[in-house]
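Assemble the whole structure, with the sequences as input and the hints as a guide.
Chains as they are written, first to last, in my numbering: chain A, 19 to 357; chain B, 404 to 731.
Hints listed in this document are in silico derivations from the structure and should not be mistaken for laboratory results.
A portion of the hints provided could be inaccurate.
To be verified - BS3-like mimics (lysine-lysine), calculated; alpha carbons at most 25 Å apart, straight line:
1. LYS576(B) x LYS545(B)
2. LYS683(B) x LYS133(A)
3. LYS408(B) x LYS683(B)
4. LYS70(A) x LYS545(B)
5. LYS669(B) x LYS683(B)
6. LYS576(B) x LYS70(A)
7. LYS26(A) x LYS70(A)
Unchecked claim - Beta-carbon label-pair distances, calculated as ranges:
8. ALA599(B) x LYS70(A): 42 to 52 Å
9. ASP659(B) x HIS334(A): 48 to 58 Å
10. LYS70(A) x GLU708(B): 50 to 60 Å
Stated by the list, open to error - Take a look, some chain A residues computed to stay more than 12 Å from chain B by CB distance:
11. LYS26
12. VAL43
13. GLY58
14. ALA69
15. ILE124
16. GLY150
17. ARG210
18. SER234
Ideal placement from N, C-alpha and C gives every residue a C-beta, glycine not left out.
Below are the chains, spelled out letter by letter.
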Amino acid sequence: MTTATDRKLTMQKAIAEGIFQEMDVDPSVFVMGEDVGVYGGIFGSTEGLLAKFGPERIIDTPISETGFIGAAVGAAINGMRPIVELMFVDFFGVCMDQIYNNMAKIHYFSGGNIKVPVVLTTAVGGGYSDAGQHSQTLWGMFAHLPGMKVVVPSSAYDAKGLMISAIRDDNPVVYMFHKGALGLGWMVNNPRATGPVPAEAYEVPIGEARIAREGSDVTVVTIGLSVHKALDAAETLESQGISAEVIDLRSLVPLDREAVVASVQKTHRLVVVDEDYHSFGMTGEIISTAVEGAFDHLDAPPVRVATPDIPIPYSHGLEEWALPSSERIVAAVSELVSG
Amino acid sequence: MDIPKEHLVDMYETMVKIRRFEERIREMYFADKLPAFDIAAGLIPGEMHLAAGQEPVAVGMRPHLQPGDAITATHRPHHIAIAQGVDLNKMAAEIFGRDTGLGRGKGGHMHLFSVEPNFGCSGIIGEGMPVAVGAAMAFRFKGTDNIALSYFGEGAANQGAFHESLNLAALWKLPVVFICEDNAYAISVPKTASTAIPDNSDRASAYGIPGVLVPENDPVAVYEVMGAAMDRARRGDGPSLIEIKTDRLWGHFEGDADAYRDEAFKEEMNQRDPLIVFGKRLADEGILSAEEQAAIQEAQYAIVEEALDFALASPYPEPEAALEHVFA
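Below is the structure:
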């Protein structure tokens, strides 16, 4: 569904609005996590919810991720639809058992008899010098482990629609929002974080990629904040006479492989941009998909622009060098197309 | 014993059923694995953790259960599942990897899940404890008077999940009863080498909730303590922590040489086998005669055989069914 609207929201407000509207119509939805109540979520994902729904349904938790994420699993098994926030995805280390061994596997172990409709929201990404324990994306790791859907919106419109879809989904959904794409006043300024958002509730289907920009010379496949960087790069490339198509995957599980293959069949060249680590991740998976589905259409070996296999460094220059930037994307595409 | 006779009989019947089930699973587990033990061979492949000796822990709560109460159990789950009334045919079929099993052959004996009754277990130490907290949250949201029981071993009491779960349940005054099955050994490591204090029930004081020690592996003592804790939770007065000193009569898993427990210990343990002790007590106190106990055995053995027959007559899942049920 796409509704023309002049109403513009930041991605952060769009997320909170999606939760608000579902909680308003479904009493089984509740939110818990650290600082989701009076603070409204460290990144604003639960802004305004406490005032409307009260502390019974917007629950501040102790710093106790194994306890409260496991409790979300128990509540979901017993008829609730919890939204539970892991403040930074980097914190998965203290609670991953409940996520990948429990939340993601119970439906399978039960032979399909038990559903686990948890939405696990979590902030991802770097670019603001928060160093190696608060800057990772890690979506490739979550996508690698079976049993969880993994969604990563890059626009305000998708953020609301994907949140509503995630809440209504009967499966565990890991909903990752990039701190740099939220439009927070205290974060790196990002005009692309604000966009049209219809006032009414709507769904964006999980598992369908979006062509963020059409093009004909090269396909740039990416996700999260890197979509914005790829769009910036595409504008620069256009001035150089190169037409880049930007595919926003929007989810890694399910992965819209058809969209990747179709675009590569059209452009014959592929660049994959990923803020996650270079090896064993999304870039390799997307390139495999293109090779398996469009080998004969490729005019050149695919190229990846990713974070190297290093912890995210702190110092501004180090981090800027490590993370994918529009300049790196422009350089990679230029070389691929001219080569 | 100031307990209704039907509850005593029910607990005895259930203990007999559990013990028979575990004995028969043990026989069938080894039947095609000997003389050379091959863990992957036979009708029941994989690890097998049996609960012979721990029956009192399971049956003592049974008369206090209400429909809809949730239970989370451990990697050693059969006694609890049977006591809660999980479908024995489907449970056996799951253990034998059949398509008619609780999980259609996808979970096996450490991953038994049932909707009604509301049962789940896990192969990871302490993993079920937060889940019980969440079940209790759901009951509060829905306004029911259901409660959640969280079973775990004494080895789990040193996991973070134990402390996080007790804190959450106490903080939010949730209807949960935490039950530590203290069989004194975490595989080979004795509790004295793993735990800074003798009794985990004392750890309840750290969370401001009642902690009760049941020092004997006795279904009557468990019945009384669990009755009080479950009533308290159901009334809305919050969680409790119970520790029950019990015995794992056999090894950690089948095939375990059990060399870490000395023969004197094992001899003493077998002398206090709770099924024998409870049966004798019921006879001595004129509650169940030897003949009546024999009749109970015959009836319960038949139920177990029926479950095993059902499992063995059931088909295996189609191999490609491995791809199903990843997502709803």
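Original post:
ILE124(A): least C-beta distance to chain B exceeds 12 Å?
Top reply: violated, 7 Å
**OP:** Report holds if the minimum CB distance from SER234(A) to chain B is greater than 12 Å, and violated otherwise.
**Re:** Given that every Cβ of chain B is farther than 12 Å from that of SER234(A), nearest at about 35 Å, it holds.
Subject >> Cβ separation of ALA599(B) and LYS70(A), checked against the hinted range 42 to 52 Å >> reply: holds, 46 Å
Original post:
Under the criterion that the straight-line Cα-Cα distance not exceed 25 Å, is the pair LYS683(B), LYS133(A) satisfied?
Top reply: violated, 45 Å
Subject >> Minimum Cβ-Cβ distance from VAL43(A) to chain B exceeds 12 Å >> reply: holds, 16 Å
Original post:
Holds or violated: LYS70(A) with LYS545(B), Cα cutoff 25 Å?
Top reply: Satisfied, since the Cα-Cα distance of roughly 19 Å is no more than 25 Å.
Original post:
So the hint says 48 to 58 Å: do the beta-carbon atoms of ASP659(B) and HIS334(A) match that?
Top reply: Holds, at about 56 Å.
Subject >> ARG210(A) and chain B, when compared Cβ to Cβ, separated by more than 12 Å >> reply: holds, 31 Å
**OP:** Beyond 12 Å from every chain B Cβ: check whether that's true for GLY58(A).
**Re:** holds, 21 Å
Subject >> Holds or violated: LYS576(B) to LYS70(A), with C-alpha atoms at most 25 Å apart >> reply: holds, 24 Å
**OP:** For the pair we were handed, LYS669(B) and LYS683(B), check the Cα-Cα distance against 25 Å.
**Re:** holds, 21 Å
**OP:** Classify the label on LYS26(A) as holds or violated, using whether its beta-carbon is more than 12 Å from each beta-carbon of chain B.
**Re:** holds, 34 Å
In terms of the numbered hints stated before, the structure departs from hints 2 and 15, listed from lowest to highest.
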